[in-house]
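Listed here are the chains, written in short residue letters.
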Amino acid sequence: MRIIVPIKQVPETNTVKMDENTGTIIRDGVESIINPLDLYAIEIAIQLRQQHGGEVIAISMGPPKAVTALREAIAMGCDSAVLLSDKAFAGADTWATSYVLAKAIERMGSYDMVICGERATDGDTGQVGPGIASFLDLPVASYIGKVEQVDKKSCRLHRLVENGHEVLDVELPAVLTMVKEVADPRLPTLGGKQRAKKIDIPVWTANDIEADLDKLGLTGSPTRVVRIFRPKVVRQCEKITAMDDSIVDQAVDKLVVFLQKKDFI
Amino acid sequence: MTKNKHKHSGVWILAEQADGRVQRISYELLTRGRDLADKRGTDLTAMIFGNDINAEDLQELINCGADRVVTMEEAKLEHFLVEPYAACMLKIIEDYQPEIVIAGATSTGRTLMPYVAIKANAGLTADCTVLDIEEETGNLLQTRPAIGGNILATIKTPQHRPQMATVRPHSTKPAVKQDGRTGEIVRLKAPAKYLKSRINRVDFIPDESEHGLQDADVVVAVGRGIKKSENISLIKSLAKELDAAIGASRDVVDRGWLSYPYQVGLSGKTISPKLYLAVAISGAIQHLAGMQTSETIVAINSDPDAQIFNVADFGIVADVFQILPVLSERIKQARSE
Ligand SMILES: Cc1cc2nc3c(=O)[nH]c(=O)nc-3n(C[C@H](O)[C@H](O)[C@H](O)COP(=O)(O)OP(=O)(O)OC[C@H]3O[C@@H](n4cnc5c(N)ncnc54)[C@H](O)[C@@H]3O)c2cc1C
Ligand SMILES: Nc1ncnc2c1ncn2[C@@H]1O[C@H](COP(=O)(O)O)[C@@H](O)[C@H]1O
Numbered sequence: 000m001r002i003i004v005p006i007k008q009v010p011e012t013n014t015v016k017m018d019e020n021t022g023t024i025i026r027d028g029v030e031s032i033i034n035p036l037d038l039y040a041i042e043i044a045i046q047l048r049q050q051h052g053g054e055v056i057a058i059s060m061g062p063p064k065a066v067t068a069l070r071e072a073i074a075m076g077c078d079s080a081v082l083l084s085d086k087a088f089a090g091a092d093t094w095a096t097s098y099v100l101a102k103a104i105e106r107m108g109s110y111d112m113v114i115c116g117e118r119a120t121d122g123d124t125g126q127v128g129p130g131i132a133s134f135l136d137l138p139v140a141s142y143i144g145k146v147e148q149v150d151k152k153s154c155r156l157h158r159l160v161e162n163g164h165e166v167l168d169v170e171l172p173a174v175l176t177m178v179k180e181v182a183d184p185r186l187p188t189l190g191g192k193q194r195a196k197k198i199d200i201p202v203w204t205a206n207d208i209e210a211d212l213d214k215l216g217l218t219g220s221p222t223r224v225v226r227i228f229r230p231k232v233v234r235q236c237e238k239i240t241a242m243d244d245s246i247v248d249q250a251v252d253k254l255v256v257f258l259q260k261k262d263f264i
Numbered sequence: 000m001t002k003n004k005h006k007h008s009g010v011w012i013l014a015e016q017a018d019g020r021v022q023r024i025s026y027e028l029l030t031r032g033r034d035l036a037d038k039r040g041t042d043l044t045a046m047i048f049g050n051d052i053n054a055e056d057l058q059e060l061i062n063c064g065a066d067r068v069v070t071m072e073e074a075k076l077e078h079f080l081v082e083p084y085a086a087c088m089l090k091i092i093e094d095y096q097p098e099i100v101i102a103g104a105t106s107t108g109r110t111l112m113p114y115v116a117i118k119a120n121a122g123l124t125a126d127c128t129v130l131d132i133e134e135e136t137g138n139l140l141q142t143r144p145a146i147g148g149n150i151l152a153t154i155k156t157p158q159h160r161p162q163m164a165t166v167r168p169h170s171t172k173p174a175v176k177q178d179g180r181t182g183e184i185v186r187l188k189a190p191a192k193y194l195k196s197r198i199n200r201v202d203f204i205p206d207e208s209e210h211g212l213q214d215a216d217v218v219v220a221v222g223r224g225i226k227k228s229e230n231i232s233l234i235k236s237l238a239k240e241l242d243a244a245i246g247a248s249r250d251v252v253d254r255g256w257l258s259y260p261y262q263v264g265l266s267g268k269t270i271s272p273k274l275y276l277a278v279a280i281s282g283a284i285q286h287l288a289g290m291q292t293s294e295t296i297v298a299i300n301s302d303p304d305a306q307i308f309n310v311a312d313f314g315i316v317a318d319v320f321q322i323l324p325v326l327s328e329r330i331k332q333a334r335s336e
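Going line by line, the protein sequences match chains F and C. Note that numbering that gives the first Met the number 0 gives residue 207 to position 208 of the first sequence, counting from 1, and the numbers run on in steps of one. Note that numbering that gives the first Met the number 0 gives residue 77 to position 78 of the second sequence, counting from 1, and the numbers run on in steps of one.
Think of the hints as simulated: they come from the structure by calculation, not from any bench. There may be inaccurate statements among the hints.
Computed Cβ-Cβ distance ranges for the label pairs, DEER-style [stated by the list, open to error]: (1) Glu-134/C with Lys-260/F: 50 to 56 Å; (2) Asp-42/C with Gly-90/F: 30 to 36 Å; (3) Lys-64/F with Asp-94/C: 45 to 51 Å; (4) Arg-20/C with Met-107/F: 24 to 30 Å; (5) Ser-232/C with Thr-204/F: 56 to 62 Å; (6) Glu-55/C with Asn-206/F: 54 to 60 Å; (7) Gly-90/F with Asp-131/C: 21 to 27 Å.
Built from N, CA and C at the ideal position, the CB exists for glycine as well.
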């Protein structure tokens with residue numbers, strides 16, 4: 000099994016701050032982590048390698064500092080990593096991001112699977128996995144909650160949909176996107192951390208992946224963010240305190256009236 | 000596609016079917032699509048892929064706002080498979096050159112649309128909650144929550160056509176039938192080469208509880224404050240009285256009191272029911288990300304400073320074990336009256 004895992008470095012969601020004047024996100028001083036959903040992709044990739052042999056390669060498109068996410072992936076047990084970094088990649092939407100990742104994957108030779116997280120917590124689109132598959136002309140199985148069986152040519156997967164699980168047989172190579180249910184991500188080991196410190200992580204630029212410059216970054220992105228703003232909090236909470244036994248009934252009555260007014264009862 | 004921007008016209012939605020019946024999301028998209036088509040002064044078309052789709056349902060799409068319905072029906076299109084669905088959609092885009100294509104942000108829409116958008120060289124915005132037309136340019140304005148619902152972003156696709164977007168389910172009301180609407184149903188044939196799939200759907204396992212969290216109008220959600228697995232029965236009683244689906248915070252799922260399909264939040268489901276009743280949930284930002292767009296939010300929590308009250312319309316600061324039995328009983332009474 001040769002498995003490629005695209006991971007994204009994202010700001011830790013708890014600490015997102017906005018510049019109220021400019022309406023932009025303040026990224027300075029915000030801690031960066033591996034997109035939490037990508038940890039599941041890394042975990043299942045490592046498990047598959049443990050069962051079937053082969054290698055797991057993590058890749059990320061991002062600024063130079065995204066290398067720390069790749070080192071963490073190595074510490075967890077990935078065999079190697081590649082950073083895709085170039086000023087020309089900046090400002091990419093999911094179209095242009097998928098393009099760069101697909102071009103890089105093409106350059107990596109043959110592989111059996113590309114395993115993504117279901118979505119990134121910052122962009123939160125879930126479009127990059129299917130996007131990579133489309134560029135590579137591969138099948139994509141999204142929302143995978145269980146990998147049941149894998150052999151050289153195909154795998155059997157459970158895909159979580161609105162009211163149940165689809166059981167799918169997927170020809171390889173394929174792109175898969177993972178949801179949380181699939182596995183419990185392991186913690187980095189001491190040995191892994193030491194390897195991660197020393198390992199050489201190559202940086203590929205637009206040139207290295209023979210990318211078409213028109214398709215990169217902001218230039219290559221069909222979409223434009225025209226405004227970022229904070230949602231207005233319009234809710235006025237009617238709050239009743241009923242810590243005391245005697246007023247529980249009263250509080251419940253008020254809630255029932257509230258629900259009746261809104262037609263829920 | 001950039002150069003021929005002005006050749007593209009018309010608003011299209013992707014209607015979805017299951018077992019040959021048109022699904023609710025399709026009517027929500029008709030509400031969106033009709034509004035956009037009227038603002039743009041153009042027609043609204045619903046495309047739908049499936050097998051043996053109920054004919055009355057197709058007519059109902061017209062009754063509810065579509066000017067035209069375009070179907071492709073084949074045994075191989077019975078269930079969503081990304082390659083054949085994408086091939087069919089791309090063919091339609093090529094032949095009809097729509098200006099706008101919207102689909103639901105469902106497991107189907109969120110997989111199919113990005114696959115198609117790459118090949119159509121089109122911009123795609125995920126999970127929009129507001130869609131509008133920019134008057135001066137006619138561009139589609141797509142507004143969506145980002146970064147766990149902390150911010151909203153408005154996105155447009157100035158040059159590329161079609162402009163594509165997925166729309167969050169339950170973010171608008173389904174369109175209702177209007178008298179005297181007429182429209183055309185066009186049945187297209189999908190050539191065999193479009194129907195090839197490297198994915199084979201061998202089985203479907205419905206959720207045991209059929210709780211339908213994503214589609215529910217009312218959700219009762221439970222957090223760690225419920226203390227142990229046995230107490231989930233209290234939540235079940237309340238949910239039953241309210242005819243509600245059950246949801247859970249991650250802590251509840253991590254402890255195995257409910258399974259993962261129940262999880263609401265950043266790493267679980269994003270829902271916006273009409274009523275979200277949060278029981279003993281603190282309201283961590285990752286949880287809020289999955290439910291704060293609900294129409295009405297009610298919270299019960301013993302901590303007066305719990306974050307959840309910041310997004311609630313109605314709150315009770317109390318011990319859930321005192322409130323729940325009384326509440327279920329009262330609702331039962333009120334319903335029988
Ligand atoms: C990357 C990431 C992703 C995450 N994704 C999700 C997600 O998808 N969904 C999610 O829910 N969380 C998610 N979390 C976890 C989230 O941060 C919180 O830890 C979690 O939501 C807390 O769950 P809780 O509210 O049930 O528990 P707690 O925070 O422990 O809250 C329990 C609440 O119950 C109240 N309580 C206790 N006893 C009683 C009583 N007797 N009566 C009334 N009230 C009582 C307490 O006052 C407290 O407010 C994520 C975290 C991370 C880092
Ligand atoms: N810049 C990136 N570099 C590597 N992988 C990415 C990048 N952006 C997105 N991905 C992958 O695509 C998935 C979906 O991301 P998104 O479409 O941005 O929500 C993530 O979970 C990653 O696996």
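Next item on the list: Kindly confirm whether 45 to 51 Å is satisfied by the beta carbon distance between Lys-64/F and Asp-94/C.
Entry: 46 Å, holds
Notebook entry, point to check: Falls inside 24 to 30 Å, the C-beta gap from Arg-20/C to Met-107/F?
Noted result: Violated: the Cβ-Cβ distance is about 44 Å, outside 24 to 30 Å.
Notebook entry, point to check: Do the beta carbons of Glu-55/C and Asn-206/F sit within 54 to 60 Å of each other?
Noted result: 58 Å, holds
Notebook entry, point to check: Ser-232/C and Thr-204/F, beta-carbon distance inside 56 to 62 Å?
Noted result: This hint holds: roughly 59 Å between Cβ atoms.
Notebook entry, point to check: Falls inside 30 to 36 Å, the C-beta gap from Asp-42/C to Gly-90/F?
Noted result: At roughly 35 Å between Cβ atoms, Gly-90/F and Asp-42/C fall inside 30 to 36 Å, so the hint holds.
Notebook entry, point to check: Between Gly-90/F and Asp-131/C, does the beta-carbon spacing fit 21 to 27 Å?
Noted result: Holds: the Cβ-Cβ distance is about 24 Å, inside 21 to 27 Å.
Next item on the list: Using the Cβ atoms, figure out if Glu-134/C sits within 50 to 56 Å of Lys-260/F.
Entry: 38 Å, violated
Hint violations for this structure: numbers 1, 4, all remaining hints satisfied.
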